[in-house]
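Work from the hints to combine the two standalone chains into their complex.
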Amino acid sequence: GAGVSQTPSNKVTEKGKYVELRCDPISGHTALYWYRQSLGQGPEFLIYFQGTGAADDSGLPNDRFFAVRPEGSVSTLKIQRTERGDSAVYLCASSPYFDGREQYFGPGTRLTVT
Amino acid sequence: AQKITQTQPGMFVQEKEAVTLDCTYDTSDPSYGLFWYKQPSSGEMIFLIYQGSYDQQNATEGRYSLNFQKARKSANLVISASQLGDSAMYFCAMREGVQGGSEKLVFGKGTKLTVNP
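These protein sequence lines are chains A and B, in that order.
Take 1 as the starting number for the first sequence in the working numbering and just add one per residue.
Take 115 as the starting number for the second sequence in the working numbering and just add one per residue.
The following block holds chain B by itself, in its conformation from the complex (with noise of 0.2 angstroms):
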């Protein structure tokens, strides 16, 4: 079974709008993080924003907010205000045992987000 689940292959949205990038995980640990990355088309990840699965708010992090849905097991990215810079794939990760546990990060296949003039 999948752990990271995005359903989106791809999203548009109109520069200044806000939108929102679905992910959804699948763990049995309690205590876990949650990440997303942005790959811009020359390769790169670069971290956006964590969430950490005890974590009593959702984490933001200037235009980027996570929306931290525990029972739903639902992480989604919100990004105020797009630029057209924002247009990049973006993918959800997860880490399972952050205390003790393995380091490695789980990804999903990733959305492309393209954001119009």
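Chain A with its partners taken away, still in its complex shape (with noise of 0.2 angstroms):
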């Protein structure tokens, strides 16, 4: 079966600009997450959502990121006035489980702000 996608793969803005990054989790699964890394790093968590709802949100870096996921499958990544900082692979990853195991994540999208 298709395993997670995300689009686009590459993405290069300039900064101040405005970017969504878009994430189709596996069908049925209902918890999804997003995880920003950068280079030579392990994956940073930023935000979990469980159905429609994001029940963590706690590693979202500041105001100008934000996630939605209105019917509980694709979700989008939003960046506002992007800044050379916010470059990085933005991983997304979808479990059926609500404990997380097994979190199945997509190819990433590479993010350069120029």
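You may find that some hints are simply not true.
[As the list claims (entries may be wrong)] If you anchor each label on the Cβ, the simulated ranges turn out as follows: (1) A/T13 with B/Q183: 30 to 36 angstroms; (2) A/N10 with B/S194: 35 to 41 angstroms; (3) B/S142 with A/G53: 27 to 33 angstroms; (4) A/Q80 with B/K130: 47 to 53 angstroms; (5) B/Y178 with A/Q41: 35 to 41 angstroms; (6) B/Q116 with A/G3: 26 to 32 angstroms; (7) B/K223 with A/F66: 26 to 32 angstroms; (8) B/P231 with A/G40: 25 to 31 angstroms; (9) A/E102 with B/R186: 22 to 28 angstroms.
In case anyone wonders, no lab produced these hints; they're calculated from the structure.
Heads up, the beta-carbon is just placed ideally off N, CA and C, and yes, glycines get one too.
Encoded structure:
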């Protein structure tokens, strides 16, 4: 079956612009996670959805970052007024389990802010 | 303080030999889960193995086993019979509060494994 997909695979934007990153989880997975991975580091948690609601958004770095999952499936991570420090790979994961075991990751979106 | 520590930035192993990747963790929560993920150069994170803090036996999945030493707070990954395709970054991760707690994973900085022919 289809895995987690993320679009676009690469995004280059200018400082100050707005970007949207999309995640399509595995069908039927109720839990969805966003992580950010900077070069040479492990992924860093951003936000977790259980169904349509954000159950934990404690990892969002500031109010320029926002994520939605309106119908409990596809999620969009939105970044306003991008800064060069936002450059990273943004990973999305989904899980069929309430306890987050076996999070299945997508290929990521590489965001470059120039 | 770092919750997950991987002290080996890089490791080398000969094909067909076993290798151990180290991971120590820090938590005061009695209920937690430990994970290992593989990240090849393609970038996708691949789940390898999971160990719950209350699991009595060490987890095993094919050539992967987790050497769980609770008192030492270590969760080392053992890969047996290494293959060239095992060359990748390996990340240890922890989830605290398994029962009703946060679902986020906290990752270490990773170990780059290179398997030599």
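Against the structure, the hints:
1. A/T13 with B/Q183: 30 to 36 angstroms: Violated, since A/T13 and B/Q183 (Cβ atoms, about 46 angstroms apart) do not stay within the stated range.
2. A/N10 with B/S194: 35 to 41 angstroms: holds, 37 angstroms
3. B/S142 with A/G53: 27 to 33 angstroms: holds, 28 angstroms
4. A/Q80 with B/K130: 47 to 53 angstroms: Hint holds: Cβ distance 52 angstroms, inside 47 to 53 angstroms.
5. B/Y178 with A/Q41: 35 to 41 angstroms: Violated, at about 23 angstroms.
6. B/Q116 with A/G3: 26 to 32 angstroms: The hinted range 26 to 32 angstroms holds for B/Q116 and A/G3, with Cβ atoms some 30 angstroms apart.
7. B/K223 with A/F66: 26 to 32 angstroms: holds, 28 angstroms
8. B/P231 with A/G40: 25 to 31 angstroms: holds, 26 angstroms
9. A/E102 with B/R186: 22 to 28 angstroms: holds, 26 angstroms
In this structure, the earlier hints numbered 1 and 5 are contradicted, and the remaining ones agree with it.
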